[in-house]
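For reference, the chains in residue letters:
Number of protein chains: 2
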Amino acid sequence: MGGPSAGQIGAAASEDAVVRRIAAALEEASGPAPPGEVWIGDDAAVVRSPAGPLVLATDACVAGVHADLALVGLDDLGWKALTATVSDIGAVGARPLHAVVSVCAPPGTDLDRLMAGVAAAAARWGTPVVGGDVTTADQLMVSVAATGTLEGPRPPVLRSGATAGDHLVVTGPLGGSAAGLRVLRRGGAGGPALIEHHRRPLARLAEGVVARDAGATAMMDVSDGLALDLHRLAAASAVGFTLSSVPVATGATEEEALGGGEDYELVIAVDDPDRLAAAFAAARLRPPVVVGRCTGDAAVRTLRGRPLAPLGYQHPVGS
Amino acid sequence: MGGPSAGQIGAAASEDAVVRRIAAALEEASGPAPPGEVWIGDDAAVVRSPAGPLVLATDACVAGVHADLALVGLDDLGWKALTATVSDIGAVGARPLHAVVSVCAPPGTDLDRLMAGVAAAAARWGTPVVGGDVTTADQLMVSVAATGTLEGPRPPVLRSGATAGDHLVVTGPLGGSAAGLRVLRRGGAGGPALIEHHRRPLARLAEGVVARDAGATAMMDVSDGLALDLHRLAAASAVGFTLSSVPVATGATEEEALGGGEDYELVIAVDDPDRLAAAFAAARLRPPVVVGRCTGDAAVRTLRGRPLAPLGYQHPVGS
Numbered sequence: 057m058g059g060p061s062a063g064q065i066g067a068a069a070s071e072d073a074v075v076r077r078i079a080a081a082l083e084e085a086s087g088p089a090p091p092g093e094v095w096i097g098d099d100a101a102v103v104r105s106p107a108g109p110l111v112l113a114t115d116a117c118v119a120g121v122h123a124d125l126a127l128v129g130l131d132d133l134g135w136k137a138l139t140a141t142v143s144d145i146g147a148v149g150a151r152p153l154h155a156v157v158s159v160c161a162p163p164g165t166d167l168d169r170l171m172a173g174v175a176a177a178a179a180r181w182g183t184p185v186v187g188g189d190v191t192t193a194d195q196l197m198v199s200v201a202a203t204g205t206l207e208g209p210r211p212p213v214l215r216s217g218a219t220a221g222d223h224l225v226v227t228g229p230l231g232g233s234a235a236g237l238r239v240l241r242r243g244g245a246g247g248p249a250l251i252e253h254h255r256r257p258l259a260r261l262a263e264g265v266v267a268r269d270a271g272a273t274a275m276m277d278v279s280d281g282l283a284l285d286l287h288r289l290a291a292a293s294a295v296g297f298t299l300s301s302v303p304v305a306t307g308a309t310e311e312e313a314l315g316g317g318e319d320y321e322l323v324i325a326v327d328d329p330d331r332l333a334a335a336f337a338a339a340r341l342r343p344p345v346v347v348g349r350c351t352g353d354a355a356v357r358t359l360r361g362r363p364l365a366p367l368g369y370q371h372p373v374g375s
Numbered sequence: 057m058g059g060p061s062a063g064q065i066g067a068a069a070s071e072d073a074v075v076r077r078i079a080a081a082l083e084e085a086s087g088p089a090p091p092g093e094v095w096i097g098d099d100a101a102v103v104r105s106p107a108g109p110l111v112l113a114t115d116a117c118v119a120g121v122h123a124d125l126a127l128v129g130l131d132d133l134g135w136k137a138l139t140a141t142v143s144d145i146g147a148v149g150a151r152p153l154h155a156v157v158s159v160c161a162p163p164g165t166d167l168d169r170l171m172a173g174v175a176a177a178a179a180r181w182g183t184p185v186v187g188g189d190v191t192t193a194d195q196l197m198v199s200v201a202a203t204g205t206l207e208g209p210r211p212p213v214l215r216s217g218a219t220a221g222d223h224l225v226v227t228g229p230l231g232g233s234a235a236g237l238r239v240l241r242r243g244g245a246g247g248p249a250l251i252e253h254h255r256r257p258l259a260r261l262a263e264g265v266v267a268r269d270a271g272a273t274a275m276m277d278v279s280d281g282l283a284l285d286l287h288r289l290a291a292a293s294a295v296g297f298t299l300s301s302v303p304v305a306t307g308a309t310e311e312e313a314l315g316g317g318e319d320y321e322l323v324i325a326v327d328d329p330d331r332l333a334a335a336f337a338a339a340r341l342r343p344p345v346v347v348g349r350c351t352g353d354a355a356v357r358t359l360r361g362r363p364l365a366p367l368g369y370q371h372p373v374g375s
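Protein chains in written order, with the working numbering: chain A, 57 to 375; chain B, 57 to 375.
Please note: incorrect hints may appear among the correct ones.
Unchecked claim - Quick partial rundown of chain B residues pointing at chain A, CB under 10 Å, derived from the structure:
#1 A101
#2 V111
#3 M275
Because the hints were derived from the structure by calculation, they are not lab data. Idealized CB from N, CA, C, for every residue including glycine.
Please work from the sequences and hints to get the whole structure.
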């Protein structure tokens, strides 16, 4: 989409040329469109519809908000934008299929590097980028929308399905991303592994699919901090929770594990954690970690018996 | 998606509260989710897959680039963002189905007004918003991704299908949006109608579907200016074009009609314009306007016999 609103009517060739270069890089990462499909380059993309339900999610990544470009690369921001969106698809137990990407960028932005990160994530998560939009802005913003589907007859695993007595588990230790950011800012121990957590977070897609098959009652990805996201799950399910412990990534603090966000581990409610653990083992996934239980009293939200505030990141938006 | 990158870890409640208010406004405009579907409020939305192919498009609208908020309302920006995206869906002959919306906004932005425009457009185009993301940014950006589908066996109508001899038609007069912006900036005749063109552009969805049924060989929406977009269609189809005339919106200039953009009329290549006109008449659509023909010599790109430059809007992006 263009527009005369900026008063800029001219014959610049940059937008079309950039789109061609980006399309080539994306095709190199994910391969060409299958016969009969239309990917990047037309007004819209055309792909096969999934046999099962259609799952949709979108997420935006803003320079200076979600990524400090003095500390991480443009490619890391691109990776994170796509990964955060496919993580949302996976967090209902779905498998991602395709993505479209909107880039708003200041003139001079190294879009090749940005899109190299997007392309790497697209290849890693099997989610080709089939369309997009490039536009001018003062601040770099990358918005990704992704499709996915649910295989088999089970419903999606929502935030709202937990009941009293369900066990709460997470798919891995938390706080690595926040600790990686701290190390990038101020140095410290555990550098490379923590920094990698922050620069290139992973979406727990296989875990989400297996958890759905194994009877998870509620699920979400930990994008804004376990404490805040658990409050959200509890509110949606009208339950409380008692946390006994939280697995902390090596080198991270418990505060970072509770409030840091962007780890993209899944938090899962399940009536039988042994069945879940067996399913994870059968799929050669890391063992899920039990962190607590759901209670019938929605006012109970505790860690080791003490009230747990909804620490975490909320954007100061709106009015 | 949140994130600690801005160093802001707290217990603000604004993001969740804003999302609840937005969800209520969107439901009022488009109605509730049908049984079995999941719309706003979870990690991802779940809707029925279309029987036909899945069509995907995305478009972003940036304050100060696509909308001058000193001249138009936040609701107009919201309207335009959703309309531009469904227009892309319609420009391949598809019918839009659902949308997801990413909003990056400075704190204090009147998101209710912004989303009122999005909701009005969603209702107007029968494209409910089923999911989204709200995040902080210094500059307002709204990115919309939409799904759609193609009914019947015909393939999508791409930019690349025109052949020598095809007639070129447009679905209506052009330049209204650019003229409306001019009137907003400097006053002048034809005010209200032109301003409405600029504030609330229309997507030609019915025209796109009928054109596909009537055998259109190539099609695109005029988002960046007829001249530039015709060059794009000609390049994709490896044809040239000879324009005989351009329908100019009342009160607009021919330069605005050629280079203004954001009219969202469709430009269509078709071997038999009478068949297209009959199909439009049967569907009670405005008569399509023949503007020229495609030529076998791709170097020929003329208006009334003189070379036509690719005037129009391209974003100065990349490096």
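The hints, checked one at a time:
With 10 Å as the threshold, the beta carbon of A101 (chain B) comes within range of chain A, its nearest partner Cβ sitting at about 5 Å, so the hint holds. With a cut of 10 Å, the hint placing V111 (chain B) at the interface with chain A holds, because the nearest CB-to-CB distance is about 5 Å. The interface hint given for M275 (chain B) is met, as the beta carbon of that residue sits about 8 Å from the closest beta carbon of chain A, less than 10 Å.
Checked against the numbered hints given earlier, this structure breaks none of them.
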